[in-house]
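Chemist: Each chain is listed here by its residues.
Number of protein chains: 2
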Amino acid sequence: MHIKEFQNLMRQLYFERDNERGPKGTLDWLEDEFEELREALEEGDINAIKEEFADVLAWLASLANLLDLDLEKAAISKYPNKCPKCKKKPCECQF
Amino acid sequence: MHIKEFQNLMRQLYFERDNERGPKGTLDWLEDEFEELREALEEGDINAIKEEFADVLAWLASLANLLDLDLEKAAISKYPNKCPKCKKKPCECQF
Numbered sequence: 003m004h005i006k007e008f009q010n011l012m013r014q015l016y017f018e019r020d021n022e023r024g025p026k027g028t029l030d031w032l033e034d035e036f037e038e039l040r041e042a043l044e045e046g047d048i049n050a051i052k053e054e055f056a057d058v059l060a061w062l063a064s065l066a067n068l069l070d071l072d073l074e075k076a077a078i079s080k081y082p083n084k085c086p087k088c089k090k091k092p093c094e095c096q097f
Numbered sequence: 003m004h005i006k007e008f009q010n011l012m013r014q015l016y017f018e019r020d021n022e023r024g025p026k027g028t029l030d031w032l033e034d035e036f037e038e039l040r041e042a043l044e045e046g047d048i049n050a051i052k053e054e055f056a057d058v059l060a061w062l063a064s065l066a067n068l069l070d071l072d073l074e075k076a077a078i079s080k081y082p083n084k085c086p087k088c089k090k091k092p093c094e095c096q097f
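Chains G and S, in that order, give the protein sequences. Read in my numbering, the first sequence has 93 at position 91, and its numbers run on one by one without any break. Read in my numbering, the second sequence has 44 at position 42, and its numbers run on one by one without any break.
Okay, chain G solo, but in the shape it has when bound (with noise of 0.2 Å):
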């Protein structure tokens, strides 16, 4: 699935509410399930874990729809094949 169809699909699914919402709630609804994301890897359970991994990204691309933000554009714009630091693939970047 590409992540401009999860975006839409989460735009058919959740538009209406989100948007009733507004961006600065989602962003903290997002927040939330970064926590919960953050208490499964805690606890282990690994269907928890993934439930919240698909949450995670459901929340952000719910606050791109907010913003009319094309969150698959986004990702190829900023890594195109190569790190956006050093240019290079894979990262070479020293820290």
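Hints are computed from structural coordinates only; laboratory data are not their basis. Treat the hints with care, since some could be wrong.
Intra- or inter-copy, both count: the list cannot distinguish identical chains.
[As the list claims (entries may be wrong)] Under the rule of at most 25 Å between Cα atoms (straight-line distance), these lysine-lysine pairs were calculated in the DSS-like manner: (1) Lys6 to Lys84; (2) Lys26 to Lys87; (3) Lys80 to Lys6; (4) Lys26 to Lys75; (5) Lys75 to Lys90; (6) Lys6 to Lys75; (7) Lys26 to Lys6; (8) Lys87 to Lys75; (9) Lys80 to Lys90.
Knowing the structure of chain G, use the given hints to seat chain S on it.
Modeler: Only chain S this time, still in chain G's reference frame:
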């Protein structure tokens, strides 16, 4: 681009470094990227916002790589073309 392709690109670019850092450090880095997204949204710079969306997705994919977890599969499994709670499209959940 498929979600899976983007996750594979992150593996090709960063797996070696991600693996040295480990899941805990990568989760912390994902949290930092989330905070940068929040700051970019507050500042309202659309180019910075797009980059931070890309970075959150990139670090989420990196973390999934470390756990050997298929982000695309997790997303489709949780959101199989309907809301996971009410089973409707669009969602009809009452909050």
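Chemist: Now tell me if each hint is right for this structure.
Modeler: A quick look at each hint next to the structure:
no.: 1; hint: Lys6 to Lys84; result: both (21 Å within a copy, 16 Å between copies)
no.: 2; hint: Lys26 to Lys87; result: between (30 Å within a copy, 23 Å between copies)
no.: 3; hint: Lys80 to Lys6; result: both (16 Å within a copy, 17 Å between copies)
no.: 4; hint: Lys26 to Lys75; result: within (23 Å within a copy, 29 Å between copies)
no.: 5; hint: Lys75 to Lys90; result: within (20 Å within a copy, 28 Å between copies)
no.: 6; hint: Lys6 to Lys75; result: both (8 Å within a copy, 15 Å between copies)
no.: 7; hint: Lys26 to Lys6; result: within (22 Å within a copy, 29 Å between copies)
no.: 8; hint: Lys87 to Lys75; result: within (18 Å within a copy, 29 Å between copies)
no.: 9; hint: Lys80 to Lys90; result: within (13 Å within a copy, 34 Å between copies)
The structure is consistent with each of the numbered hints, conforming to all of them.
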